[in-house]
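Trainee: What follows is each chain in one-letter form.
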Amino acid sequence: MGAPPPPDRPRQSVKEAKMLPGRSKISVLVFLVPPLAVYAFAVLLPIVQSLFLSLFKWDGITDMKFVGLDNYVKMFTRDDVFWTSFGNAMGYLAICLVLQLGGALLVAGLLTTLRRGRELVKTLYLLPAVISTVAIAFLFQRIYSYEPTGLLNQVLEWVGLGSLAQPWLSNVDTVLAAVSVPEGWRFAGLYMLIVYAALLAVPKDLEEAATLDRANWWQIFWRIKFPYIRPVWITTTIMAATYALRGFDIPYLLTNGGPGQASELLTTYMYKTAFTHTDYGYASAISVFIVVECLVAVGLIYFLLRRKVD
Amino acid sequence: MKHHRLNVAAVAAAASLTLTLAACSASGASPDSSSSDDGTITPREISWLLSRPADGGVITAMEQIADEYAADHPGFSLNLITTPDRPSYIQKYETLAAAHQLPELFDTDATPFAKKLAGAGQMVDAEELLTDLGLYDDYLPAALNYQRFDDGSLYMIPFEFQLEFFWYNTALFEQAGIDVPATLDDFPAMCEALRAQGITPIALDGQDLWPLERYMAYYPFRMAGPEYVQALKKGEAKFSDPAGVAAVNWLYDLGQAGCFQPGFSSTGYADAQALFTTGQAAVYNIGTWELSNLATENLDEGVRDDVDYFTLPTIDGAVTADNEYVTPSGIGMAVNAETYDPLVKDFLAYALARYPEVYTESGALSPTTTASAAIPDNATPLYQRAVDQAGDVGDAIAMPWDTQLDPTSNTRLQQELTLLVQGDETPEGFIATMDAVIAENGPEAFAE
Chain A
1 MGAPPPPDRP RQSVKEAKML PGRSKISVLV FLVPPLAVYA FAVLLPIVQS
51 LFLSLFKWDG ITDMKFVGLD NYVKMFTRDD VFWTSFGNAM GYLAICLVLQ
101 LGGALLVAGL LTTLRRGREL VKTLYLLPAV ISTVAIAFLF QRIYSYEPTG
151 LLNQVLEWVG LGSLAQPWLS NVDTVLAAVS VPEGWRFAGL YMLIVYAALL
201 AVPKDLEEAA TLDRANWWQI FWRIKFPYIR PVWITTTIMA ATYALRGFDI
251 PYLLTNGGPG QASELLTTYM YKTAFTHTDY GYASAISVFI VVECLVAVGL
301 IYFLLRRKVD
Chain B
1 MKHHRLNVAA VAAAASLTLT LAACSASGAS PDSSSSDDGT ITPREISWLL
51 SRPADGGVIT AMEQIADEYA ADHPGFSLNL ITTPDRPSYI QKYETLAAAH
101 QLPELFDTDA TPFAKKLAGA GQMVDAEELL TDLGLYDDYL PAALNYQRFD
151 DGSLYMIPFE FQLEFFWYNT ALFEQAGIDV PATLDDFPAM CEALRAQGIT
201 PIALDGQDLW PLERYMAYYP FRMAGPEYVQ ALKKGEAKFS DPAGVAAVNW
251 LYDLGQAGCF QPGFSSTGYA DAQALFTTGQ AAVYNIGTWE LSNLATENLD
301 EGVRDDVDYF TLPTIDGAVT ADNEYVTPSG IGMAVNAETY DPLVKDFLAY
351 ALARYPEVYT ESGALSPTTT ASAAIPDNAT PLYQRAVDQA GDVGDAIAMP
401 WDTQLDPTSN TRLQQELTLL VQGDETPEGF IATMDAVIAE NGPEAFAE
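For the record, the sequence lines run as chains A and B.
Residues in the first sequence are numbered from 1 upward in steps of one, following the working numbering.
Residues in the second sequence are numbered from 1 upward in steps of one, following the working numbering.
Next up, chain A with everything else stripped away, as it sits in the complex (with noise of 0.2 Å):
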């Protein structure tokens, strides 16, 4: 490979502290302690108590139960549901990652080939990242209807395939990617964004000198440009995987996890779980596992987009 190797974040703390020879280790000590703490007392002290009171039954009035690990017993071989909603969420995370960041370097890619009327574009992408949840589930609420017709079936019927028409939100074979598409649409603006910048980071010799060399479009991008934002295209891999992973709003608000368990995610379930069921201990067990389920893919992206580079 003819590319520098992309900046790294190691080298970058080693510059830094270079940068900083009189301070003392108790100085950086200094600023770095309440940030943790508040760290430890917001995010870590909250997983140790779910996984406490994942050990318990408890209705929030009777008094807790210590049932040991039948939580996790029942998640795993008793509770069809949790299964379902696995699986559900796994398509969820699919077909969200495919439309955002497949969308956002597309976009970003033909972006960058645009001369004019960038920051138009750039902003109608974007506008969808900022509009209120709640009002986006109503658009789409009103997008697939069947009856009265919403604007998808009347497209399909305008372009002549109403026989194609249905109720989206209904039809327990089309309900995940209708609840999964609105997710992946609204975001895709903003990781186009971000892959925008890394693009225009990418120095436009290389790209002129791998041109005289008569290498194709796919070779360019593949061999010069996608190896320099690769760092870029890592952490946006994770904030969509982890962002989807933990998807809730726009499912709960269109359908609810129906029909049936047909759009469930885990997080839906979990938060049926708590607050309809008042599970509250099997519901903590749920977001245990959603924790352990996002470091899991956080894991497996870093190692596998990673390995590449070695």
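None of these hints come from the bench; they were simulated from the model.
Check each hint, because a few of them may be wrong.
Covered by chain B, per the in silico footprint, the following chain A stretches (three or more residues, Cβ under 8 Å) [claimed, not checked]:
no. : region
1   : 60-67
2   : 139-145
3   : 161-170
4   : 183-196
5   : 251-258
In this text, a Cβ means the ideal position worked out from N, Cα and C, and glycines have one as well.
Following the hints, put chain B in place on chain A, whose structure we already have.
Mentor: Leaving out everything else, chain B in the frame of chain A:
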């Protein structure tokens, strides 16, 4: 990079846990107990956490009564905190209950959760309270019975009395050449005849889930009486029993006959009602709380003269009478035992005695026998008929199942019902799933 990875992961974890934390970190707080036995009334602000329409009859009446009371008791005020959307309300109230943060008054149905609250001594015995205030005998027995737990104890006070009807469009029935169904078994044929005319047979608000769950309650109520669901929820009866099988098959048949509009599961309350009031759907199952929209000039002129209603049809060999159906007295009001003091008692004494008169001025049915509904000036003849119907209601009540089952089984039932009616689940599969779910959750939830 390593730091960054951890951060993102931790932020992800934190956000997914916030909800759970909110529930558990609030526990252990104790309310300011101001119970004094010397009987001194010290006016202050009291709050009522409720789930009723913001501009509805109950809130309007109670605001007026609170103002009257405050005129005599400077410093008093009633803070009404309403969350009309029922699922959101229940979440709010149950979370506050777990945190011992419920206000002086709060709404609840006679659910298993409320039973636990009563058992934990957090609610004032309503039967004692009403007797003490000399109001107990004013109430319709049916209105009180709706609020009772299975053991007959009473912890909630009713503020409404409603009858649930099948509203139907006579013109559309005529067009399809059909009569009002005499039995529940006539429903599928009714739907097919209407479908053949391109009419949506029944408008259903599937998004809120409870309207479809009503249909689940009908067949067993006729076939086995109100006791069936009481046994079912504890795991003592099963869906595989005759009443359960008949109900499941009936609902499956309704779905197969195309009774409900396509995509009903994502149709909301207002959209479902609009299907009926615009003459697109022939039947609509809703209670008398909608009288002002269905039996007054508020109703669209195009259908105003065609709207009529029938009550829950019977079946062959029914064990409940024709005049026994879903007659709820609405969500009840409970009195928080931990904040109950002379002021709360004195206010309730004034408010509950005054309430029927003020409330019925809005044209609503009173849960007491002491006042009758004032028919609004713009009412259609149907209004008076519906009000009179309230005088002829039998003793047994078809209880809505969402107030009966434990919450986990209830959620699952609502989900599976949609699938059953959509044809995505077979009656056999439905019965097997639901019996397993209730066996897992029911007996434990109702263990004494």
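Trainee: With a Cβ-Cβ cutoff of 8 Å, does the region 251-258 of chain A contain at least three residues near chain B?
Mentor: As far as the region 251-258 of chain A goes, the hint holds, because 5 residues have Cβ atoms under 8 Å from chain B.
Trainee: So is the region 139-145 of chain A in contact with chain B by the C-beta rule, three or more residues under 8 Å, or is the coverage claim wrong?
Mentor: With 3 residues close enough to chain B, the hint holds.
Trainee: Closer than 8 Å, Cβ to Cβ, for at least three residues: run that test on the region 161-170 of chain A against chain B and report holds or violated.
Mentor: Coverage by chain B holds for the region 161-170 of chain A (4 residues, Cβ < 8 Å).
Trainee: Verify this for me: three or more residues of the region 183-196 of chain A with a beta carbon less than 8 Å from a beta carbon of chain B.
Mentor: violated (count 0)
Trainee: Count residues of the region 60-67 of chain A with a Cβ under 8 Å from any Cβ of chain B, then say if the count reaches three.
Mentor: Coverage by chain B holds for the region 60-67 of chain A (3 residues, Cβ < 8 Å).
Going down the numbered hints, you'll see the structure goes against just number 4.
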